[in-house]
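Peer 1: Here is what each chain is made of, one letter per residue.
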Amino acid sequence: MLSRVANSIYWLGRYLERAENYARFIDVNFNLMLDLPPDLKTQWEPLVFATGDHESYSGRYEEYDKKSVIHFLTLDTSNPNSIISSITYARENARIVRENLSKETWEKINELYHFIKKATPRKIWDKEDPRSFFDKIKNQIQLLYGLTESTVARTEGWYWKQLGMYLERADKTSRILDVKYHMLLPTPEEVGSPLDFLHWTALLKSVTGFNTYRRIHGKIQANGVVDFLIFSRRFPRSIYFCLKEAEDCLHMISGSKDNEFHNKAEKAIGALRSKLGFSEVSDIIGIGLHESIDDLQQKINNISDEIQSIFFQINKDYNIQQQQQE
Amino acid sequence: MDLANYQCSGLFDEMFTQNGECRAHYQVFEKLLKKTAPRKLKQLQFSANKTQMSMGMTFNVYDNDQGLEKILHLDIIPRIIPKSEWLQLEAGLKQRVNALNHFIQDIYNEQAILKDGIVPEDLITNSKDFLAPCIGLTPPKGIWCHITGTDLIKDKSGEYFVLEDNLRCPSGVSYMLESREIIKRAFPDILDKTGVMPVSNYPVRLLQMLQNLSNKEKPVVGVLTPGIYNSAYYEHSYLALQMGVELVTGEDLVVQNNKVYMQTTHGYQQIDVIYRRIDDTFLDPNIFNPNSLLGVPGIFEAYKAGNIALANAPGTGVADDKAVYAYVPDIIKYYLNQEPILNNVPTYLCRRPDERQYVLDNIAELVIKETNAAGGYGMLIGPKSTPEEHEKFKKLILSNPNNYIAQPTLSLSTVPTLTENTIECRHVDLRPYILYGEEIDVVPGALTRVALKKGSLVVNSSQGGGSKDTWVLYK
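Protein chains in written order, with UniProt numbering: chain A, 1 to 326; chain B, 1 to 475.
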């Protein structure tokens, strides 16, 4: 597969997943709003902190109020990670590799793009309850996943898209978990209180993991949720699960066998995945939840950088070579 | 929809005669049209537009940042061509492409036609489309113009005239193919009842034609695009998708030892045939435009060494010059010893003093064109312009006479077209596509472009033109 095409498909996978997860971020708060006692206000600040874009936010917005945060995460075109930016980039990448996509896939991405474009004049962020809008975004992306699942051949392109999707999802699940770190309880004594319980519940619901968690762990409590979202071997949004899938994709692309590596990207992802495979919640809590998550995110970024330089930047090196020879 | 008020006086209408009778080949469609309510037609038109948008069947308009992507309006009323008319057209197009291919081969090699004084030598050698690096070169299988999209119109008499030959990578074929799919959805049964020949195997024929250019058993074929900001990008990716070949950009390709390679995630892979959709002079910065970032350094040497086939061959543009156009009837006689089947529009060359004087004296009646501009730019339609514009063009002609030709204003034929509230006549042209592979092959269909503004003769998409599906009938 052409390097340029692989690059675009990889980012198509990442951007679509990013858009979907931003819709999920915002869901955390809508889930909370329904259940919070009347005297407690919803905190919007943690959502921005969890995305890691708080500096860009504070440069342009006064307060962390509902409308501003929703606008920032959803339709702010100067935020490169907002839903509208992600979908625009996803479609741009899809256009570049259109001849590699099934017709239905392309048409759905294109429709999604036109849908989000129309949301700006409709002032979605001003609405009291814009959940139907976010549901539509999630549903459209899920529909796309379903379509690709049943129409795209399992050739190299498929694995690039899956690789992008799983790496992005691993990162975003870690960030959703991090929202909880930034969400303040009124007093430290409230750990384990009904409010604490509400926070964890909202988190699980936003990743569509509430019922599954209940069945596996039963009681809602911090250790259980951390275990579930980081270490679950079964839940398709847990960080471990995503890394394992991403590693398999890389192996399918390069032809490496399980537990082997032939390049730095495979080495990095294999190392991270096995480290997680032999850790447990107490290891995470020992270092600190937020610190562990930070570390995970950096390692995932590093894997992505390795992929970029091994598979996509052949051309750049060639150009440099050419210049040196002349 | 009631067609009683449809009027197209003084013009040739493809559907109705001057007496208002429906022509035989449109009768099945007329019946359908009569029993379809205007509201329903509007709905069909609306959903056709919507389909185009979601398919991303869009083109980019130059100098227009606002609406970067636009759809080419597809009018749902088709243009229908009966078999007898098509056969004549087909024979004429094959003859023309055959002769032009001989001509290009000749002028880059023996130059017999110039030595015999049939075509003036300076007209060719001074043309900016005459590419010196191609001198002495014979492309694979001797084919230069692999894909041609000839523009034709019909005048008042109902006769076809060739307007332009479009030998350098003509665009629009994706619209021919996708429009058919959309119209099928709008009128599901009617194509069957009318007996319309399918166009859908064009991509297969195109691929076979391209594969024919290599002697390898399984040649690797690619479509070379300038990228997503090109106005025809939709078409490039569409054709690559339909043929199942790679869509490549200049940055994907490298040349080593006179061979062309694609850069893949698993290293270099050789490519054998390129359907290139970038201009001649952008192909290779080593040979042509040194500033080109779109091309591939060294590809021309690889081409000369016979390691890569390019379609269309570099250098074909010289036969597409509007001044050379005037000589095409002579070119046909010279190489094929045949009378031209298709009419040429009478053309005045401003390079000739007597003809130039005629043009200057009669500018208000004539259409003035630059010899090597495309897309309806650099053009003056005398009868539709102001005296100031006439004067401006007179000056332009006098300052550079070689750059201009003039032709009489032709009345393009009309086809009923859906407007806001009713159906009115609008002017159309016709662009069929001719493939030169093992033999010359004309696809039974075409892009019909329609001037959507009332009375307008400019059909170019960049200037308010739309399109129609074109039906060639079995009978």
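Hints listed in this document are in silico derivations from the structure and should not be mistaken for laboratory results.
What you are looking at is a predicted structure, and each value in this text was computed from that prediction instead of being measured.
Just to be clear, a hint being listed does not mean it is correct.
Stated by the list, open to error - Dumping the calculated DSSO-like pairs for lysine-lysine here, alpha-carbon to alpha-carbon at most 27 Å:
id, chain 1, residue 1, chain 2, residue 2
1, B, Lys70, A, Lys118
2, B, Lys184, A, Lys103
3, B, Lys304, B, Lys40
4, A, Lys275, A, Lys264
5, A, Lys103, B, Lys218
6, A, Lys205, A, Lys257
7, B, Lys141, B, Lys128
8, B, Lys70, A, Lys136
9, B, Lys128, A, Lys117
10, B, Lys193, B, Lys259
11, A, Lys103, B, Lys70
Peer 1: Give me the numbers of the hints this structure contradicts, sorted from smallest to largest.
Peer 2: 3, 6, 9 and 10
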